[in-house]
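Please model the entire structure based on the sequences and the hints provided.
Going by the numbering used here, the sequence shown opens with residue 97, and the numbers climb by one from there.
A couple of the hints might just be wrong.
[Claimed, not checked] Derived DSS-like pairs: lysine-lysine, alpha-carbon spacing no greater than 25 Å straight-line: (1) Lys151 to Lys179; (2) Lys216 to Lys179; (3) Lys187 to Lys216; (4) Lys179 to Lys195; (5) Lys187 to Lys151.
[Claimed, not checked] Each pair of labels, with its calculated beta carbon distance range: (6) Arg239 to Pro121: 13 to 23 Å; (7) Gly217 to Ala124: 38 to 48 Å; (8) Val234 to Glu172: 18 to 28 Å; (9) Gly238 to Pro121: 17 to 27 Å.
If you're looking for bench data, these hints aren't it; they were derived computationally from the structure. Yeah, the Cβ is synthetic: ideal placement off N, Cα and C, and Gly gets one too.
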Amino acid sequence: MRFSVVVVSLLLAAMSPLSAQSFGPTPAAAAQREILEVREAAWRAFFTNDTTLFKRVVPDELMAMGWGGGPWQDREQTVASMKEFAASGMKLDQLHFPKNVFQQYGDAVILYTSFHLVLKGANGEVQETLGRGTEIFVRRNGRWIHTGWHLDTIGT
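Rendered as structure tokens:
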């Protein structure tokens with residue numbers, strides 16, 4: 097009897113950390129804030145064609161899969177896409193990230209997210225996009241950088 101009580105106690109103790117961290121290890125609150133700031137900077141830099149800011153937060157080795165299903169892009173190809181977007185005349189009107197889930201593994205963080213953005217054109221046209229993404233961040237030289245993403249749309 098005493099043996100079974102010990103075994104059950106050990107099993108319950110071993111399982112409790114799993115239920116407390118249902119999505120895995122999360123970064124500290126300060127790291128989460130910094131990552132969200134880097135992510136916000138990368139997205140806004142893309143939509144405003146701010147290549148200086150974009151290159152500050154996104155490294156050369158970027159691996160980007162956009163929601164349009166096109167080819168995978170590196171940083172220079174993504175910068176070219178930024179210029180194409182700017183030439184389209186569309187402007188970012190709204191950008192929201194309603195849900196964020198973090199997983200940290202050493203100096204790498206995976207951010208699972210949902211996004212909602214609204215673009216407006218010079219002639220008043222509006223494009224609304226709802227989507228989700230998996231974004232990767234790495235801590236390098238004391239700061240977080242945005243090394244990759246995979247986005248898809250879930251509606252408009």
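Status of each hint after checking the structure:
Distance hint between lysine 151 and lysine 179 is fulfilled; the C-alpha atoms sit about 14 Å from each other, no more than 25 Å. Simply put, lysine 216 and lysine 179 have alpha-carbon atoms about 17 Å apart, close enough for the 25 Å limit, and the pair holds. This hinted pair checks out: lysine 187 and lysine 216 have alpha carbons roughly 5 Å apart, not beyond 25 Å. Proximity of lysine 179 to lysine 195 is assessed by CA-CA distance (about 29 Å); at most 25 Å being required, the pair is judged violated.
Proximity of lysine 187 to lysine 151 is assessed by CA-CA distance (about 20 Å); at most 25 Å being required, the pair is judged to hold. For the pair arginine 239 and proline 121, the beta carbons lie near 20 Å from each other, so the given range of 13 to 23 Å is met. For glycine 217 and alanine 124, the Cβ-Cβ distance of about 41 Å falls inside the hinted range of 38 to 48 Å, so the restraint holds. Taking 18 to 28 Å as the suggested C-beta distance range, the pair valine 234 and glutamate 172 conforms, at roughly 19 Å.
The hinted window of 17 to 27 Å between glycine 238 and proline 121 holds, with their beta carbons roughly 20 Å apart.
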